[in-house]
Amino acid sequence: MSMEVLLKEFAEISEHPHRQIQAFKAEGKKVVGVLPYYAPEELVYAAGMVPMGIWGSNKKTISMAKEYCATFYCTIAQLALEMLLDGTLDDLDGLITPTICDTLRPMSQNFRVAMKDKLPCIFLAHPQQRKPAFGLQFTMDQYQHVKGELEKISGNTITDEALRTAIKVYNRNRAARREFVKLAGEHPDVISAVSRSAVLRSAYFMIKDDHTAKLEALNAELKALPHCDWKGKKIVTSGIICDNPKLLQIFDDNKIAIAADDVAHESRMIRVDAAETGDPMMALAQQFADQDYDVLLYDENSMQNRRADFVVKMVKDSGAQGLVLFMQQFCDPEEMEYPYFKKALDAAGIPHIKLGVDQQMRDFGQASTAIQAFADVL
Amino acid sequence: MAKEVSPGVLALRKVVEDVYADARVAKKEGKLVGWSSSKFPCELAEAFGLNVMYPENQAAGIAANRDGEIMCKAAEELGYDNDICGYARISLAYAAGKRASRKFDPETLEYVINPASGRPLKDADGKVVIDPETGKPKKDPKTMQPYTVLDDIYEIEALPETTEKEIAYKNFRREAIKPYRQMRMPQPDFVLCCNNICNCMTKWYENIARMCNVPLIMIDIPYNNTVEVHDSNVAYVRGQFDLAIKQLEELTGKKFDEEKFNEACKNANRTASAWLRVCDYLQYKPAPYSGFDLFNHMADVVTARGRVQAAEAFELLEKDLAEAVKVGKTTTPFPEKYRVMFEGIPCWPKLPNLFKPLKEHGVNVTAVVYAPAFGFVYNNMDEMVRAYYKAPNSVCIEQGVSWREGICKDNKVDGVLVHYNRSCKPWSGYMAEMQRRFTEDLGIPCAGFDGDQADPRNFNEAQYETRVQGLVEAMEANAENKEG
Ligand code: SF4
Ligand code: SF4
Chain A
1 MSMEVLLKEF AEISEHPHRQ IQAFKAEGKK VVGVLPYYAP EELVYAAGMV PMGIWGSNKK
61 TISMAKEYCA TFYCTIAQLA LEMLLDGTLD DLDGLITPTI CDTLRPMSQN FRVAMKDKLP
121 CIFLAHPQQR KPAFGLQFTM DQYQHVKGEL EKISGNTITD EALRTAIKVY NRNRAARREF
181 VKLAGEHPDV ISAVSRSAVL RSAYFMIKDD HTAKLEALNA ELKALPHCDW KGKKIVTSGI
241 ICDNPKLLQI FDDNKIAIAA DDVAHESRMI RVDAAETGDP MMALAQQFAD QDYDVLLYDE
301 NSMQNRRADF VVKMVKDSGA QGLVLFMQQF CDPEEMEYPY FKKALDAAGI PHIKLGVDQQ
361 MRDFGQASTA IQAFADVL
Chain B
379 MAKEVSPGVL ALRKVVEDVY ADARVAKKEG KLVGWSSSKF PCELAEAFGL NVMYPENQAA
439 GIAANRDGEI MCKAAEELGY DNDICGYARI SLAYAAGKRA SRKFDPETLE YVINPASGRP
499 LKDADGKVVI DPETGKPKKD PKTMQPYTVL DDIYEIEALP ETTEKEIAYK NFRREAIKPY
559 RQMRMPQPDF VLCCNNICNC MTKWYENIAR MCNVPLIMID IPYNNTVEVH DSNVAYVRGQ
619 FDLAIKQLEE LTGKKFDEEK FNEACKNANR TASAWLRVCD YLQYKPAPYS GFDLFNHMAD
679 VVTARGRVQA AEAFELLEKD LAEAVKVGKT TTPFPEKYRV MFEGIPCWPK LPNLFKPLKE
739 HGVNVTAVVY APAFGFVYNN MDEMVRAYYK APNSVCIEQG VSWREGICKD NKVDGVLVHY
799 NRSCKPWSGY MAEMQRRFTE DLGIPCAGFD GDQADPRNFN EAQYETRVQG LVEAMEANAE
859 NKEG
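Chains as they are written, first to last, in my numbering: chain A, 1 to 378; chain B, 379 to 862.
Hints are not guaranteed to be accurate.
[As the list claims (entries may be wrong)] Quick list of in silico lysine-lysine cross-link-like pairs, BS3-like style, CA-CA up to 25 Å:
| id | chain 1 | residue 1 | chain 2 | residue 2 |
| --- | --- | --- | --- | --- |
| 1 | B | K697 | B | K392 |
| 2 | A | K168 | A | K233 |
| 3 | B | K663 | B | K638 |
| 4 | A | K354 | B | K737 |
| 5 | B | K644 | A | K131 |
| 6 | A | K316 | A | K233 |
| 7 | B | K392 | B | K451 |
| 8 | B | K737 | B | K500 |
| 9 | A | K342 | B | K392 |
| 10 | B | K734 | B | K704 |
| 11 | B | K624 | A | K131 |
| 12 | A | K343 | B | K451 |
[To be verified] Which residues of chain A face chain B? A few of them, derived with a C-beta cut under 10 Å, are:
| id | residue |
| --- | --- |
| 13 | G53 |
| 14 | R105 |
| 15 | Q329 |
| 16 | E337 |
| 17 | F364 |
[What the hints assert, rightly or not] Computed beta-carbon distance windows for the label pairs:
| id | chain 1 | residue 1 | chain 2 | residue 2 | range |
| --- | --- | --- | --- | --- | --- |
| 18 | B | V605 | A | H18 | 33 to 41 Å |
| 19 | A | A175 | B | V605 | 52 to 60 Å |
| 20 | B | T521 | A | N301 | 48 to 56 Å |
| 21 | A | K246 | B | T521 | 41 to 49 Å |
| 22 | A | Q360 | B | R444 | 42 to 50 Å |
| 23 | A | A175 | B | A536 | 46 to 54 Å |
| 24 | B | E533 | A | M282 | 50 to 58 Å |
No lab work stands behind these hints: they were computed from the structure. It should be emphasised that the depicted structure is a prediction, and the values quoted were computed from it without experimental measurement. All C-beta atoms in this analysis are idealised placements derived from N, C-alpha and C, irrespective of residue type, glycine included.
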């Protein structure tokens, strides 16, 4: 398949998650919604079901969710609830609700209450002290619970073997996505910011084997390309999510390429693989323990500024000239780490802008002006 | 809320005063002083005889002293978004060295008085004195205050002190920092974080650790989806207690003192039991005091629950209340017509504004969620873990509703006033559903209002008054219906 055809397919899928759910259901598959962050999707796969990532929506408006939520919560959480209430996600067979931030904690209760009798909600609480033995054990206990609930929904027992296979499938997909991120940074002439996002976003709506197959084909095409002599600017993106094509189009219009990212929805979720041998539940717990450099996770060495230093190094290694931070409105974990992030960027002489965003944004005039002005100083 | 102060209340005030004073002395003597989140197991620190201060209480105090806004703004200047919890913002600004201070003239070293400050001057008959020139009430000069300005202790410390003038200036600037205890809390040598009440705590304390370059001891309590606390959760937290003890041993160079630990547990239990009994006095009709007072005493439970003096002070307060009930006295400064539960943390900078319409309508707060949330009693380490697992924002909706409905019934409330607290996402996040349940289960009306516990900019007085009015009307209608 040619590159254009592949990119078009990714774009189609990325823009039509609902169509994907319907297609899976038509094939007789069960579909489980997976909310952010760090839910072990491998378990869903191993149970023979399809995990669907739910990271809010760029097309919906908060209305019914107001029955549960005050206004000062991020749109990611509120729009997930909106789609559960307005019927968009009626075809789901289950929902995994992690609780790693102060918004997702009470929202897990709202999801469960609102979906009572309608949709089984599987609760998941990750530990913050994830590295010591007791933390690993707690993650395993939590995952064991998720596993049991998934088995009830699917009617299948999740065997160690099935889980090991799932881990392999996921490791391979993560590797392909990491490679793609690198290649996209090297070939902005053919991978626009808009299509880069579509490729990464579609992973949340596809069975990973299919996504990997297409992505490996795309990566092969990209690798075969000659070196790109990019005349525009290069930046690193950071934040929870930036998958709105209209917003990303502004980057393309201004010839700003994304060299690498520190975005939760993109690279933060694919940095770490799980071991393919040994006890697979332990492998998943260890994988979570190894997650690092994330505003959502406790840092044992909190006296240092490790996460910011990590991103600074990423900017330097990627050859980017600056960083764009997409600050989700009402996201306190991101907001909390901003001052020290800024400090490290400033100290390293890396220019950055902080763009306040949310998923109900429909007018990008202001963002456009800010991005243009930023491009001029790079 | 002027009223006579009972011996128990005085004793409680002294307990908290002492905690702050002891910490200041300890710091001067070069001993370690720590900062701790409110529901970190203080028993562990007590076992090492450590001086520990509580930034949440400090922030509440700063907000109540009307310095919440200047400190919040200082944090925003440092880059902390104004969406972040007001307590965290105040505390982070403080940790960074920012202080609310009194404006003075650097030449004369005299305070610059703010003409808008102060209370009206009253004559011998208690009548307000009118200024014949302006036609407005005269100000009582004794109550007038200097302008509030922001200062920075690190800037002050960096000032030169070679000439006498420089020394005098530097000293004056040090002294100009507002003198109330929360603005004079020593900087931390270590921090103790338990995120049972919110995850905001995790990054907040990490930020302090980084800012002040001090070690952080972490107890992570993940959110719980069931009323019971599973053994798996207990094992996880037990593991962390053991780790925390090891870290405290390294920090202090001392061994864990089992005896001191048991003593602290005993005191904490005794304080909690007395606290609960004090809370229970709100069951009387009319209540012998206003539930608003509990908000203040909560600071005492938090700051000193491991100290025997706290237990004794609460027991003394309990006696005062028994006496008040016996003679039919109450400290509520109005006749009690309605009884409500106040849901959430109050807006500290706006306490008088919160109180005003309640007083007007004869609404007494006779239930607050802090009562059950801080009144936990345990018998052993595992029970202690379970107790710390159940914090206001770490429990599932069923547990949260059952706590509240329990006190609503026991304390015979007619309605619920819900604070949608902009600062506290975990607390406000499932209140809408809770409101529906209160009304359905208890047949009582609820009214919500928007506010903030620490940042006065987020409180809308007009909306609040309308909502209270609405609640009163609904309670009235309810009462009429009951009478048939
Ligand atoms: S965007 Fe921020 S606040 Fe919202 S769910 Fe994600 S981490 Fe939590
Ligand atoms: S519990 Fe709420 S008010 Fe208290 S520190 Fe956390 S976010 Fe702030």
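Checklist entry - Can you list which hints this structure breaks, lowest number first? => result 2, 3, 4, 5, 7, 9, 10, 13, 17, 19, 21 and 22
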